[in-house]
Structures are given as C-alpha cells and as structure tokens.
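K.L.:
Taken in order, these protein sequences are the chains called A and B. Just so we're aligned, residue 7 is where the first sequence starts under my numbering, counting upward by one. Just so we're aligned, residue 7 is where the second sequence starts under my numbering, counting upward by one.
Each hint should be verified, as a subset may be incorrect.
Identical copies carry no separate label here, and so any pair may be met within one copy or between two of them.
[Unchecked claim] Under the rule of at most 27 Å between Cα atoms (straight-line distance), these lysine-lysine pairs were calculated in the DSS-like manner: (1) K509 x K188; (2) K99 x K305; (3) K321 x K305; (4) K305 x K509; (5) K99 x K509; (6) K321 x K99; (7) K188 x K305.
Note that these hints are calculated values from the structure, not bench results. Keep in mind that this is a model prediction, so the values were computed, not measured.
The primary structure of each chain is shown beneath.
2 protein chains.
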Amino acid sequence: MAASYALGHGKQRSGRTYAGWQPVRLGGMTRTIQYRKRAADRPMETQPHSQPLTGAEVAIQTAAAAGIDVCFANPGTTELYLVQALDRCPGIKPILAVFEGVCTGAADGYARVTGRPALALLHLGPGLANGQANLHNARKAHSPVVSIVGEHATWHIAANAPLTADIETLARPMSQFVLTAKSPDTVGQDMAEVIARAGQLPTGPTTLILPGDIQWAHVTTPPVQPQIAAPAPPDADETERAARALRAGQTALVLSGSALRTAGLQAADRIERATGCRVLTPTFPPIQDRGIGLISPDKIPYAPEPATQLLEPYKNVILAGAHEPVAFFGYPNTRSSLCAEDGQLIQLCSADIDPATALAALADALDAPAVRTAPALPRPEVPSGPLTPANMCRALAAAQPEGAIVMDEGATAGFAYHGMAGGAPPFTYMALTGGSIGQGLPCAVGAAVAAPDRPTICLEGDGSSLYTIQSLWTMAREQQNLTSIICKNRAYSILRWELERAKMTPGEASLALTALDSPEFDFVKLAEGFGVEGRAVHTTEELNEALQSAFKNPGPLLIEANLE
Amino acid sequence: MAASYALGHGKQRSGRTYAGWQPVRLGGMTRTIQYRKRAADRPMETQPHSQPLTGAEVAIQTAAAAGIDVCFANPGTTELYLVQALDRCPGIKPILAVFEGVCTGAADGYARVTGRPALALLHLGPGLANGQANLHNARKAHSPVVSIVGEHATWHIAANAPLTADIETLARPMSQFVLTAKSPDTVGQDMAEVIARAGQLPTGPTTLILPGDIQWAHVTTPPVQPQIAAPAPPDADETERAARALRAGQTALVLSGSALRTAGLQAADRIERATGCRVLTPTFPPIQDRGIGLISPDKIPYAPEPATQLLEPYKNVILAGAHEPVAFFGYPNTRSSLCAEDGQLIQLCSADIDPATALAALADALDAPAVRTAPALPRPEVPSGPLTPANMCRALAAAQPEGAIVMDEGATAGFAYHGMAGGAPPFTYMALTGGSIGQGLPCAVGAAVAAPDRPTICLEGDGSSLYTIQSLWTMAREQQNLTSIICKNRAYSILRWELERAKMTPGEASLALTALDSPEFDFVKLAEGFGVEGRAVHTTEELNEALQSAFKNPGPLLIEANLE
C-alpha cells in the first residue's frame with residue numbers, strides 16, 4: 007500500500023509557522039488518514055535576511071523546520087552553496103566525515119535512535135555512490151535518511167564534465183524516493199517532500215538532487231514547513247484476523263520496527279501471556295529496546311537449517327513490522343522461506359500503520375493481561391580465561407552500563423552476544439540490517455551524536471570495520487563516548503563458515519581471499535592514526551579492565567580484542 | 007558510433023584454441039571492420055576435469071582465455087563459486103583488497119598500464135556500490151575494467167533478502183555495458199561479451215552480474231575464447247578534414263587515450279613541427295608517456311579562466327582521443343566550453359579508431375618530418391628549504407627514477423608537479439580522471455601489480471587518500487615497490503580555493519567542513535596499522551632523503567609530507 011503524505015503546499019512567509027495542514031493523497035489511497043503534529047515539527051528557525059534567500063538556503067531551512075538538527079556531510083564544490091546555507095542556519099550542526107559511507111551510516115544510526123529524519127550531504131554521483139552501501143542498510147532498516155546530493159548546474163550537465171554521472175539512476179536502488187529539483191521556486195516543496203517521504207510510514211531513505219544553479223538562485227518562495235503524516239490507526243479487520251490465528255494456537259509473532267521498542271515489546275508480552283504464542287525477532291533487528299524489565303525474544307538464527315527448524319512448528323506466522331523470514335542467501339537445494347511449507351503468513355498491519363500501536367490493539371482484542379515488568383533474565387558473571395568469542399560476548403554483556411546503545415556488527419565473533427545480553431541493565435540494541443558490512447562504526451557514530459550522554463558501544467568484526475574505518479576520525483573530532491570493540495580473528499570468518507557449510511575444499515584462492523593475516527592489521531595504530539585512543543587486549547581479564555576504563559572515561563576508545 | 011565486436015559464438019571444446027573469428031556486427035555498423043589477433047589472446051588455460059565445469063568455472067576460464075591474469079577481489083558468499091573457480095584456474099592470480107573501491111581502482115590502474123582488460127570481483131549490490139566511485143573514474147579514463155558481481159540465486163531474488171538490491175540499475179551509470187547472465191549454458195558467451203565490450207574501442211568499464219544458481223550449475227558448453235575487435239583503420243575523410251584545419255593555422259591539438267602514449271606523442275610532434283599547431287593535454291590525462299625524448303605538451307588548466315585564455319587564440323581545436331575541453335564545474339556567469347566562442351571543434355577520429363594511429367596518418371597526410379627524439383627539457387635541481395608544495399613537486403621531479411609510474415592525485419598541492427616533470431627520465435604519468443577523489447592509491451596498487459619491476463609513485467592529497475586508505479594493506483600484502491607521498495596540508499584545500507574563487511566568506515560550517523586538522527591525521531600510524539612502513543618529513547631535505555631511500559629499498563613506503 008502506498009504511503010499517505012501531507013505537504014505544506016500553501017503559501018507562507020518566512021518566520022511564520024505553517025498552519026495549512028492539507029492532507030495530500032497519493033494514487034490508490036482510499037483509507038481515511040488522520041494527521042497529528044509530531045514532536046519533531048517546530049517553528050522554522052530563520053534569521054532576518056537583507057536579501058532574498060538562495061535555493062540552497064530554502065532547502066536547508068526547510069530541513070531545519072522539520073526538526074533536522076544535524077547534517078552528516080562530505081561536501082564538494084557542487085555543494086558549496088548548501089554549505090554556505092548551513093553557515094546561516096545555526097539550528098543544523100554540520101558533522102564532517104572523510105568518507106561518504108560514514109555520513110550515510112551515521113545518518114542511519116541517528117535516525118534509528120531519534121526516530122526522526124536524519125540528513126546526509128553528498129557530492130554528486132561519486133559521493134552518493136560511496137554512501138550507497140550504507141543507504142542500502144538504511145533502506146533495509148527502514149531508516150528515514152534524507153540525502154541531499156549536489157549536481158552540476160543544469161546547463162552544465164550536457165557538457166559531460168569529469169564528475170558528471172546519472173545521479174538519479176544511481177540513487178534509485180537504495181532510495182525509496184528520488185527527486186531532482188527542477189526550479190528554484192519549488193525547492194522548498196521538493197525538500198519538504200523528500201523529508202515527508204522519508205519520515206512517514208513506511209519510512210526509509212530518500213534523495214534530493216540539487217543542481218548548482220538551483221542552489222545559487224535567489225528565490226521568492228520561502229522555506230516550507232514539512233508535514234510528516236502520522237501513522238494510520240490500526241485496522242479492526244487486520245487485528246481480528248491476527249487475533250483469530252493467535253487463538254487457534256501454533257502461532258509465532260515476529261517483531262520489528264516499533265514493535266521492538268519498549269511499548270511494542272510490552273504489548274507482545276501481553277499477547278504471549280494471553281495466547282502462549284512464540285515471540286521472535288529477525289536475525290538483524292534495526293533497533294530494539296532490551297535489558298531488565300523487558301522480554302527478550304529469541305532471534306531467528308542466521309543459518310537456514312536451525313531457522314527452519316525453529317519455525318517448523320508454527321502454522322501461523324504473524325508479522326508485526328517484520329518482513330517474511332527468508333534465508334540470507336539462496337543455497338543449492340534450499341528454499342527462500344524459512345517458515346513451515348504449509349504455514350500461513352499474516353501481516354498484522356499495513357505499512358502505514360505503526361506496528362507497536364497495532365500490537366497494543368491486538369493485545370486488547372485478545373483481552374490480554376496488563377503491561378508488566380518482565381521477569382529478570384540471568385546476566386553473565388564477569389568472565390575470565392582465554393579470550394574466546396564467547397568470553398568476549400560475556401564480558402560485554404556483564405560490563406555494559408545502564409542506558410548503553412550497542413551496535414552489533416560483530417558477525418561470527420559476536421553471534422553469541424545477543425542471547426547473553428537480555429539480563430543487562432536497560433539498553434538499546436542495533437544490528438546490521440542489509441548485510442552490507444561496514445555499517446557498525448558509522449551507525450555507532452550517528453547513535454552517539456543522537457544521544458551524546460549515553461555510552462555507545464560498537465561490537466565490530468575486523469573485516470567489517472575496514473570498509474568504513476574512517477569513522478574513527480569523526481568519533482575523535484566529536485569526542486564521542488563511544489567504545490569500539492574490534493573482534494580480531496584475522497579472517498573473513500563468515501566466508502570460511504560458508505565454505506565449510508557448502509562442503510567446499512578451500513584452495514589457494516579461497517584461502518587468500520578470506521584471510522586478513524598477512525600482514526595483520528594493527529587496529530591500535532589505525533585508531534591512533536585517526537586520533538582515537540587504542541588498546542589491544544589478549545585475555546578476558548584485559549578486556550574486562552579495558553571495558554571498565556572505557557565506561558569510566560569520556561571520549562572514544564578502540565579495543566582490539568585479539569580472539570583465540 | 008557504436009563499437010564493433012566479435013565474439014566466439016562458434017561451438018568448441020574445452021582445451022582447443024578457438025579459431026572461428028566470425029565478426030559480429032552491432033546495430034548501425036556499416037564500416038568494414040578488420041580484426042587482428044591481439045597479444046593478449048592466447049590459448050585457454052584449462053585443466054583436465056573429471057566432471058563438467060560449473061558456470062563459475064566457465065566464466066573464469068573465459069576471462070583467462072582473454073589474457074586476464076589478475077582478479078582484484080573482495081568476494082562474499084554469493085561469489086564463493088567464483089572463488090572456487092579461481093582455485094582451479096592458476097592462470098588468474100587473486101588479489102584481495104579489504105574495500106571494493108580499492109578493487110575497482112586497482113583494476114583501472116592495471117588496465118591503464120597494460121592496455122588490457124582487468125578484472126574486479128565484487129559482492130552483490132553493496133559491493134558494487136562501494137566500487138562505483140572508482141568505476142566512475144575508470145569510465146572517464148576509458149579503462150577496460152570488467153566487474154563480475156555475484157547475485158542471489160535467481161529464485162531467491164523475489165524473497166527480498168537483506169542483501170537483495172537492483173544491481174543492474176545500480177551498475178548502469180558507471181558501466182558502459184551491463185549484462186545479467188540468464189542461463190548457465192550461455193555464461194561463457196556472456197563473459198566473452200563483457201570482456202569484448204570493455205576491451206575494444208571505445209574501451210570502458212563493463213559489468214557481468216552472475217546469479218548463484220548460474221555459478222553453481224554444471225554446464226555442458228565450454229569456455230569461450232573472447233574476441234576483442236581491433237580498432238578500425240583511420241578514415242581518409244576525417245584525416246583530410248583535420249589536415250585542412252591544421253594547414254589553415256590557429257589550431258590546437260588536444261591529445262588523450264593512445265595519443266598520449268609514445269607513438270601518439272611522436273606523431274603529434276611531427277604535426278606540430280609541420281604546422282606550428284599547439285599541442286595540449288586534458289587537465290587530467292588517464293595515462294601519458296613522459297620524460298626525456300618525448301614532447302611534454304601543456305595541460306589545459308583546471309580553473310576555467312586561465313583555460314579559456316589559453317584556448318582563446320585557436321579557431322580550430324582538433325580532438326585526438328580527447329573530449330571537448332569543458333569546465334570542471336559550472337559556475338554562475340560562466341559557460342561549459344573552454345574553447346573560443348567562434349571556434350570549431352574537430353574530432354580527429356571516430357570512437358572505434360585508435361587515436362595514435364590516426365595521428366600518424368594525419369602526420370603522413372601533412373608530409374610532416376620524421377619521428378625524432380624531442381629536445382631535452384630542463385629537470386629541476388634537488389631542492390632545499392621549507393617544504394612548500396612547489397618544493398615537494400620539485401623534489402619528486404628531481405628524484406624519480408627511470409621507468410617510474412607516477413599516479414598524480416596530489417590535487418592543489420601537486421598541481422605544479424606535471425609542469426616540472428617533463429625533463430625527468432622516461433616515465434609514465436597517470437591522473438585522476440573522473441574527479442572522484444580516492445582513486446590515487448588504488449590506481450597505484452593496480453599499476454604496481456601490472457609492472458612489479460617498475461617503481462610506482464603515488465602523489466596523493468591527504469583528504470583524497472582517506473576515501474580508499476585501505477589500499478595500503480594490499481600494498482603491504484603484495485610487497486609492492488610503491489611509494490605514496492601524502493601531501494598533508496590539513497584541509498580540503500580545493501574547496502577553500504573554490505570558496506575564495508566564488509568570493510564566499512566561509513562561516514563556521516564552511517570552515518568545519520573543509521578542515522582536516524582537528525584532530526590531525528597521523529599517516530605514519532595509519533600506514534603502520536595497514537602493515538606499511540611510514541615516515542613523516544617536515545623539510546625538503548628530509549623529503550629528498552626519504553625519496554632516495556624509497557627508490558633504493560624494495561617494498562612499499564608511505565611518506566607523510568607535512569607541507570607549509
């Protein structure tokens with residue numbers, strides 16, 4: 007179902023809060039949509055101007071009007087008017103990254119933690135290209151990441167200058183909506199539209215391409231107050247269909263999106279207690295509230311065999327904000343779906359309905375018991391001994407402070423962590439959503455920008471870290487309370503696991519292309535090269551000590567965990 | 007004009023050299039094409055097999071049959087059958103990079119130096135995305151880079167698993183030809199086609215998308231001997247049109263492609279002596295033979311004002327393998343073309359004709375004097391004193407050994423180098439072609455793989471280096487004779503120059519987004535973190551000494567040049 011959205015198309019003057027909340031319907035919409043004003047909506051921050059605004063200023067002030075207060079940027083010449091617009095818009099803080107994948111990954115982390123649209127500023131086609139892998143992850147996470155990409159002046163595109171590329175085509179695979187500004191007079195509307203399309207359900211990355219001559223033109227139309235449509239209310243028929251399945255038994259409930267935040271988990275707990283259903287999460291949830299007081303549903307395993315085995319008993323699989331559980335890869339003689347062959351998939355709610363709200367409605371329809379504090383789960387003791395992956399995961403689960411944000415891109419080394427952390431003090435968990443490794447460090451950077459007072463932790467594979475290792479510099483520049491634990495096992499272990507799984511005998515090429523040991527990476531030196539303190543640990547005791555030190559002292563720290 | 011190409015569609019058996027050189031015409035071709043066997047074409051390297059080949063093996067052996075002997079790879083699970091095929095194809099050496107932009111940039115450098123198609127192996131859409139910025143540069147360099155991108159099994163794509171993306175759409179902006187394999191039985195033909203489309207004029211990057219089930223299927227059709235069509239012969243009418251312009255005077259001759267290799271420069275020298283024309287090169291030539299014995303044409307300047315001034319006197323501008331000289335960016339109140347408004351652009355030859363050959367024919371048509379050894383140009387003395395950008399450039403031009411390959415991504419700090427190096431011993435020069443910074447280090451890696459016995463030098467901006475800093479690890483792993491000089495000026499200086507040029511007053515955001523000084527990067531530690539020796543120099547004397555040491559000792563070295 008297409009999303010509804012509402013844009014401020016009405017005329018307005020700079021400095022006034024826009025009040026014309028006209029709902030605009032997209033093709034195919036028949037549902038009645040109710041709009042509410044979101045906390046993110048606030049009066050536009052504008053300054054008195056002695057001359058008309060530029061197109062770039064209208065775009066940036068429209069973003070500020072939507073509550074966007076940070077811009078993760080790696081600009082070039084074609085974005086200089088946007089940079090100048092940031093100079094004149096103190097409400098948006100520019101944060102520099104030295105690689106675009108850090109910008110888009112950080113915007114994703116920021117959006118996941120705040121639940122609001124986040125902004126990335128990128129340089130033409132190649133800058134967008136470098137940001138695309140983490141936009142792919144953002145798309146799979148349904149993160150409202152708004153990218154502004156500078157483009158040559160419209161009249162210069164045909165000259166096919168060195169930096170010319172087909173930006174729109176490039177953007178489409180990773181953005182759910184792409185728009186090229188066509189006129190300086192509509193740039194405010196354009197910006198408002200990409201923000202609305204990102205920020206309202208179904209949320210996801212969108213891209214605005216802004217040619218130079220549209221950026222530098224002086225325009226007469228003021229910035230626009232973007233209107234992000236509120237979610238549609240739960241649908242009684244959908245709720246009843248799910249309730250029937252739950253009453254029939256043999257039902258699993260898979261949560262994602264807002265269903266994995268506190269209210270969603272509490273509603274799922276009510277439903278579980280009322281019906282005995284099995285509550286599960288995807289292998290890689292975008293963001294999940296966890297720890298003491300909350301239920302800790304099992305993850306669907308990564309490997310298709312145990313995943314299929316887990317889901318086999320369930321005749322009905324209800325999806326609350328989650329996609330159908332499918333295998334990560336298609337292997338010979340397997341199938342895509344992980345659910346029982348005779349099972350039935352039930353979508354709890356349409357894409358424009360908030361899954362947590364739908365779960366609460368479902369719990370009510372089931373006359374489920376009230377919200378409770380979930381029983382405490384065991385927390386690992388502080389471990390000791392050889393630094394195995396399991397001990398590393400235990401050490402983190404035992405040490406993480408209350409309020410932590412844990413970004414998990416630990417891959418094979420970190421697989422055990424999720425199951426161990428349910429008994430930790432309340433925290434927020436995030437995972438790699440699109441399988442494009444190199445999301446962990448940038449996403450943690452964005453999370454730490456969104457919540458500077460919360461300790462942020464990134465559990466990061468050594469191979470994965472290297473795609474966006476430049477993130478470390480932004481951690482240092484912003485003096486983030488961010489602890490990166492590099493799980494150093496000196497290999498793309500997941501590939502060696504996949505070779506074994508496929509019963510392939512690795513030859514010279516297979517060994518060479520999965521090894522990260524010749525030479526070894528020195529992550530302490532890499533950290534220091536980027537301005538971050540680094541510490542190598544070789545025993546579990548050393549790791550425990552490093553974690554204590556990390557959570558006590560401000561600023562970023564990288565821990566190179568040399569795994570056995 | 008569309009390229010001609012010829013593929014081995016005829017039936018053949020594994021192990022036999024393909025002999026049926028059937029020319030295949032593309033739509034619109036009317037010209038008679040002559041084919042010749044290239045040095046790169048050689049009998050297929052195949053091994054006796056006890057069972058039928060897989061689709062992946064047919065693809066890899068088809069690449070080997072085209073003379074491809076290196077694969078720059080960052081594979082994932084969907085490429086494991088291709089990796090296994092490399093295990094069984096000793097003729098292709100796999101070279102691992104830990105970021106895909108290094109793979110594609112290295113393939114570009116390899117292709118520029120060898121003049122032959124180079125292979126990159128990438129992981130699904132996100133892996134391709136990470137390689138796209140350097141494929142953009144390769145496209146602007148007309149480098150025959152062949153990317154193989156693994157894809158989910160065809161039946162798994164609809165499941166929309168985490169790594170699923172629209173790879174074809176993503177690939178198109180940066181590849182001149184994109185093909186998704188549709189059947190295991192035609193995978194050899196598909197591979198031969200992407201190689202041919204990359205390797206014959208007009209050369210450029212191409213992409214083959216290879217689904218898992220096509221990789222792992224056992225196929226009955228053998229590998230194919232790719233046929234790369236030889237260039238078309240010069241066209242007498244085109245030659246005569248250019249000769250008329252040259253005879254009329256006030257003519258500039260802009261060289262690129264093969265026109266910048268030794269034979270092309272010698273022919274241009276003959277033409278210059280016959281007609282008094284001005285010979286020029288683009289601001290960023292893909293690859294150029296230089297040094298003692300060769301003419302050293304001036305570059306068209308980067309800034310539009312001096313470039314326009316340079317070209318103003320020329321009524322005719324003949325393009326020999328070059329594109330029309332256009333401004334790098336479109337600025338307010340400027341135009342795209344750099345040529346005189348009443349000037350005439352003349353294409354020396356169509357895109358399927360070799361520019362160096364066309365230049366030789368043109369020289370003959372003009373009864374130009376014979377090839378000579380060009381008069382020696384001055385070479386800078388070994389400089390001393392403060393480490394200014396000019397002294398850094400002088401130091402390199404004074405020290406570089408015979409046979410060097412110099413990759414120039416020095417940006418503002420390195421702008422003076424090109425003009426100083428004409429009197430150095432014979433060497434090969436390469437530049438950033440598509441404006442997507444982050445090409446220098448990877449391109450140098452590929453050049454050093456192509457010519458391991460030649461000293462390779464990368465003059466690299468500090469900001470630019472950080473996009474693909476992971477290149478250092480591959481330098482260490484391959485123990486390359488590669489010296490990277492990082493021009494450390496602690497800023498995106500080109501952007502500050504552009505701000506000044508546009509008379510913009512930088513505010514807080516403009517300053518923050520162009521500064522690389524808080525914290526400073528420690529490139530020596532970064533190098534060591536990746537396994538490369540690093541050395542910081544602060545004076546010209548220290549730089550001179552570091553360069554001497556670099557050219558004397560084998561293996562990679564990074565020199566952090568702290569510029570005044």
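K.L.:
The structure should be examined with respect to each hint, and the outcome stated for every one.
P.N.:
Tested hints:
no., hint, result
1, K509 x K188, "between (55 Å within a copy, 26 Å between copies)"
2, K99 x K305, "neither (37 Å within a copy, 40 Å between copies)"
3, K321 x K305, "within (18 Å within a copy, 71 Å between copies)"
4, K305 x K509, "within (26 Å within a copy, 56 Å between copies)"
5, K99 x K509, "between (52 Å within a copy, 23 Å between copies)"
6, K321 x K99, "neither (50 Å within a copy, 50 Å between copies)"
7, K188 x K305, "neither (46 Å within a copy, 35 Å between copies)"
In the structure shown, a violation is registered for the earlier hints numbered 2, 6 and 7, in ascending order.
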